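Asks: So you can see what is in the structure, the chains are spelled out below.
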Amino acid sequence: MTASFKGKAPSRRAFLKGSIAAGGAVFGASAARAAEPDPLITEVQDWATGLGDGVDATPYGLPIQYESDVIRRNVEWLTADTISSINFTPIHALDGTITPQGCAFERHHSGAIELRKDDYRLMINGLVDTPLIFTYEDLERFPRENHVYFCECAANTGMEWAGAQLNGAQFTHGMIHNMEYTGVPLRTLLNEAGVQTEGKWVYVEGADASSNGRSIPLEKALDDVLVAFKANGEALRKEHGYPVRLVVPGWEGNMWIKWLRRVEVTTQAIESREETSKYTDTLANGTSRKWTWVMDAKSVVTSPSPQSPIKHGHGPLVVTGLAWSGRGAITGVDVSLDGGMNWQPARLAQPGQSKALTRFYLDIEWNGEEMFLQSRARDDTGYVQPSKAQLRDVRGENSIYHNNCIQTWWVKPNGEAENVEVS
Amino acid sequence: AAADARFGLGRPALPEEVAAWDLDVAPDGTGLPVGSGSVEDGEMLFSDNCAVCHGEFAEGVDNWPKLAGGEGTLADKDPLKTVGSYWPYLSTVWDYVHRSMPFGAAQTLSPDEVYAITAYILYSNYLVEDDFVLSNENFLEVEMTNTDGFIVDDREEAEKHFWTAEPCMENCKDSVEITMRAAVLDVTPEEEGAGEE
Chain A
1 MTASFKGKAP SRRAFLKGSI AAGGAVFGAS AARAAEPDPL ITEVQDWATG
51 LGDGVDATPY GLPIQYESDV IRRNVEWLTA DTISSINFTP IHALDGTITP
101 QGCAFERHHS GAIELRKDDY RLMINGLVDT PLIFTYEDLE RFPRENHVYF
151 CECAANTGME WAGAQLNGAQ FTHGMIHNME YTGVPLRTLL NEAGVQTEGK
201 WVYVEGADAS SNGRSIPLEK ALDDVLVAFK ANGEALRKEH GYPVRLVVPG
251 WEGNMWIKWL RRVEVTTQAI ESREETSKYT DTLANGTSRK WTWVMDAKSV
301 VTSPSPQSPI KHGHGPLVVT GLAWSGRGAI TGVDVSLDGG MNWQPARLAQ
351 PGQSKALTRF YLDIEWNGEE MFLQSRARDD TGYVQPSKAQ LRDVRGENSI
401 YHNNCIQTWW VKPNGEAENV EVS
Chain B
1001 AAADARFGLG RPALPEEVAA WDLDVAPDGT GLPVGSGSVE DGEMLFSDNC
1051 AVCHGEFAEG VDNWPKLAGG EGTLADKDPL KTVGSYWPYL STVWDYVHRS
1101 MPFGAAQTLS PDEVYAITAY ILYSNYLVED DFVLSNENFL EVEMTNTDGF
1151 IVDDREEAEK HFWTAEPCME NCKDSVEITM RAAVLDVTPE EEGAGEE
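So the sequences go chain by chain: A and B. Just so you know, we're using the working numbering here: the first sequence kicks off at 1 and counts up by one. Just so you know, we're using the working numbering here: the second sequence kicks off at 1001 and counts up by one.
Everything labelled a hint here was simulated from the structure, so no lab data went into it. Just so we're clear, the structure is a prediction, and the values are computed from it rather than from any experiment. Please note that the accuracy of each hint is not assured.
Computed footprint of chain A on chain B; a stretch qualifies when at least three of its residues, placed anywhere within it, have a C-beta under 8 Å from a C-beta of chain A [stated by the list, open to error]:
| no. | segment |
| --- | --- |
| 1 | 1026-1036 |
| 2 | 1099-1108 |
| 3 | 1169-1183 |
Every residue, glycine too, gets a C-beta built ideally from N, C-alpha and C.
With the sequences and hints as input, model every part of the structure.
Replies: Now the structure itself:
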């Protein structure tokens, strides 16, 4: 693919902006004694004397204007158009684990459709005793569950297979979001229709033109798959499947069917376009893996990173990032400052939850030394996140999907960071 | 409530409703409607409905998907994965075209039209002759190039060395050299938003 963007990388721009804002003088001087009284303190500020907005100013609020760079971003050259395309969560600027829905990534194959609850229908058919139709109101009458899970696109980090390409954690690792879902177990709905003994798979599809049909083994469908209608406390966003989506814990995001309209119990996998042409992983010898459903253990340092350079000078530095595994819970994250020669355990903000994002921190003293920052996740199955070299040894460079390699950020003495590969 | 409790919610689906939505076709032909279409008819239909994105010969326009070509390239540095070179089953072509194409006007093709377009895509991949007529009856006789090119996920075997009891923590390698830099490639979009002039 041809590069179609001009100008400096975002890290450079962000860095320069930061330097200018800080006047250049305070760099490395955070603990210095103030020479003059600070007018932000000694002079009465407008907000301390006048009035703010009334409670009726914003019935449903957006982030304050100063956070307007914390947004989804698109990479134009990745796809033929913006309808069957992807955008990226600004993970470099977020903390904790819950992704705000308004900047949580989108991936559509025929656009984000608008489907009213009144127009919504869910069909269960195929090898069932009674094919059923549910309205949205019907779904709200089944017993509900709440779970936090990550949804990671199978192609997350996919542009990085052949080398370091996109300069920022948002672009290399931002096809992911993590939400608290409310919904009904799929098993409850299947039970209502009565699955027949010949049933071995379910085929699930959306109401949109692409349909995004996928085959799921019945065992998974009856285990933890959720038919969700709320995320992070409120209705799903239109672009995330309003009013109803499938949540398939730990499995590649493509299977999280949005605008879910039909679940068919079958004897066999349908081998749809999204599980043959796409979401199959070609190995070096030309054969391809199919049904690579689980997302393996993975992590990334979100700050410092190319879009989140060090602007505060020397001294205490918070190194932070995210770890997750589709196989279970994160049990630990190791961080290296020297490109993987030596590692130290990071601190998990909360114990790892199964198939959900986990936040980690490493608090260090940084005095301008060059760093090659890496993170390495471990999960409760004993899986250790591999290097890109280890993955390439098994898979070659053309599998597109499922790149869970260790990421390296080169942090330079001036605080800028860059996406690199190291030996 | 017991694990198998039923709640009496929903209503039985009518046969017409199931027929309207259950359109999927499996590799063994399950789900195919009765019908047929020729390469000749398919060429006209493809030209009218598909060629603006996929090219007159299914070779693709700009960044839009190429549907033909690439045979024998799957182990290359840059494989070309098309219906001819990569797709394992013809059922998927029929099913996907019928349900989701043309892009922006999906579900506008009749079964006979889909048979004809599928026949033309086969022809454009040199898999059938120009007088070929595809129907629900001869559908399974068409041989696809890469049917045997897929294996079921074997990560737990092929990658079992990633399940490591104790990863290395100290002195894991002697040196670290930069081997590739994203800034050199320079294909990342510019920042937009706060502070942008």
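Asks: All hints are to be evaluated individually against the structure, with a verdict given for each.
Replies: Status of each hint after checking the structure:
1. 1026-1036: With 4 residues in contact (Cβ-Cβ under 8 Å with chain A), the coverage given for the segment 1026-1036 of chain B holds.
2. 1099-1108: holds (count 6)
3. 1169-1183: Three-residue rule met by the segment 1169-1183 of chain B, so holds; n is 15.
Checked against the numbered hints above, the structure breaks none of them.
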